[in-house]
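Participant: Each chain, written out:
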Amino acid sequence: MADRYLILEDGSVFKGKAFGSRATTFGEVVFNTVMTGYQQVITNQIYHNQIIVFSQPTIGAVGIDRSSYESVDPTCKGVIVRDVAAVSINRRRRLSLDEYLKRQNIPGISGIDTRALIKKLRSTGTIKGSIIDPVNDLEHAFDQLRAIVLTNQQVNQVSTPKAFPNPGNGKNVVVVDLGLKYGILRQLSQRDCNVTVLPYSATADSIFSLDPDGVIISTGPGNPNDLPAQVIEMIQTVQRNIPLFAIGLGHEAFAIANGCSINELSSEHHGSNHPILSVITDEIMYASHGQGFTVDPESVDRNDLIVTHYDLIDRSVQGLRHRDFPAFSVQFFPDSSPGPNEATELFDEFMEMMTTRGGR
Amino acid sequence: MEKEIMDAMAMKRALTRITYEIIERNKGVEDIVLIGIKTRGVFIARRIAERLKQLENFDIPVGELDIAEYRDDQKSSAEKRSSEANSSLARLDLKDRKVILIDDVLYTGRTIRAAMDAIMDINRPAQISLAVLVDRGHRELPIRADFVGKNIPTAQNEKINVSVREIDGEDVVLLTN
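Sequence order for the protein chains is U and R.
Using UniProt numbering, the first residue of the first sequence is number 1, and each one after it goes up by one.
Using UniProt numbering, the first residue of the second sequence is number 1, and each one after it goes up by one.
These aren't lab readings, by the way, just hints derived from the structure by calculation.
Built from N, CA and C at the ideal position, the CB exists for glycine as well.
Treat each hint with caution, since some may be false.
[What the hints assert, rightly or not] Derived list of chain R stretches under chain U, where covered just means 3 residues or more per stretch with a C-beta under 8 angstroms from a C-beta of chain U: (1) 11 to 24; (2) 46 to 59.
[Claimed, not checked] Some chain U residues near chain R, calculated using beta-carbon distances under 7 angstroms: (3) Leu277; (4) Val279; (5) Ile280; (6) Asp282; (7) Glu349; (8) Glu352.
Turn these sequences into a full structure, and let the hints steer you where they fit.
Facilitator: As structure tokens, this is what we get:
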């Protein structure tokens, strides 16, 4: 396989081998520590504009599974691995990771010392990087990398431009798409919900006109402080009227809508290895995380909000609930794709909330 | 025939939701007193109190109420009213507090009426509301629950059995007929 280089904003160069597409790519370099579920990670739209480093040393061993996509068109900018598996052992395999990335025009690079790279990223925080072909003039490549300005309009780019249905016979649920992860739709389908997915620009009125039993604000990429004010206002109106469940970026927006401020993490946290404390039951659970931002715990007004979940490793706020309205949110991914599925129970909580508070 | 209506997870979820609903409907939990109706209502009340303590870091008083002597279907209950059975309850200050009565199953409503009589004999709370794990319908009095774990429409000849791990060894709700 051909040589390729990974170069970072801080001047470091890693040499590796090409796989996937041969395009030149730019993005923020973030690392993910999940042991399984690379397909769900790669297709998760929270990675818009980002290049994903996997700490798990061998990636690709189960190929690509047709039922494990988190989006149809993945928007991550690249995949960095120690070793890409040449052989798939999955009998359901139809497509190899290499072939999939080629089709999606996403470049990969293997043979990278991912331990050294992740150690570096832990100290530098999230920085820009680029996967390039070998060049004579590396300085020029670095100049290009440093000159790149990544968009802060990620939600606008990944959210669906038009509403679409995901029909069912049960509860009527509106999902506001900030960069929807299909795991959320799967969980709602399992519970026979009749779902309408709306673009991120949906207003409270357009939501009310669908007469939903409940509203979900989805996960998504980017900085919650860059969200249009109208998303925040929509949440403020909806939470007073309809049961609301906000996830990931949606959770951060829910926090902003209720007066919290959001801090950028020094190093993004992606993985499923942090125990999460559920305060009310004093029990821990595990779920996938993917966050570059976190709710400032000092900014949580305890007269309005209850902190329902904490990360026990870094003590970050992982769940909020409104004191006066049936509205709650979690920072992590409760839809279990990938990851442990104990947090899927939160969808059952949401279902029960719709049952008891329904009948608007 | 026996059918499982709620398993341990569903019971846990229901109690968690009821706890959040109690917080939602009461500004602050300082005035609240939980009163569990013997036998299983007491354990459910204690679990809700534990959850409120976790969230609000505040010890909610939990009273135990035995309504046997207040039942309207047993004779000569009047003489027994002064018995020591509810002495633990008498020690609680209920005056001007928000009492939340807690029971496992809401059926005819007669238990709840008796419980309200018992409470009124002790003191005059500011408010009495009702939380139940299961509402099975068939009311004979104008009583409804403010907080319901699960509504289970039943036939008169069916039975609802709530087991709690504290005395029954497991958390489960069964419907038998």
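Participant: Tell me, which hint numbers fail for this structure?
Facilitator: 3
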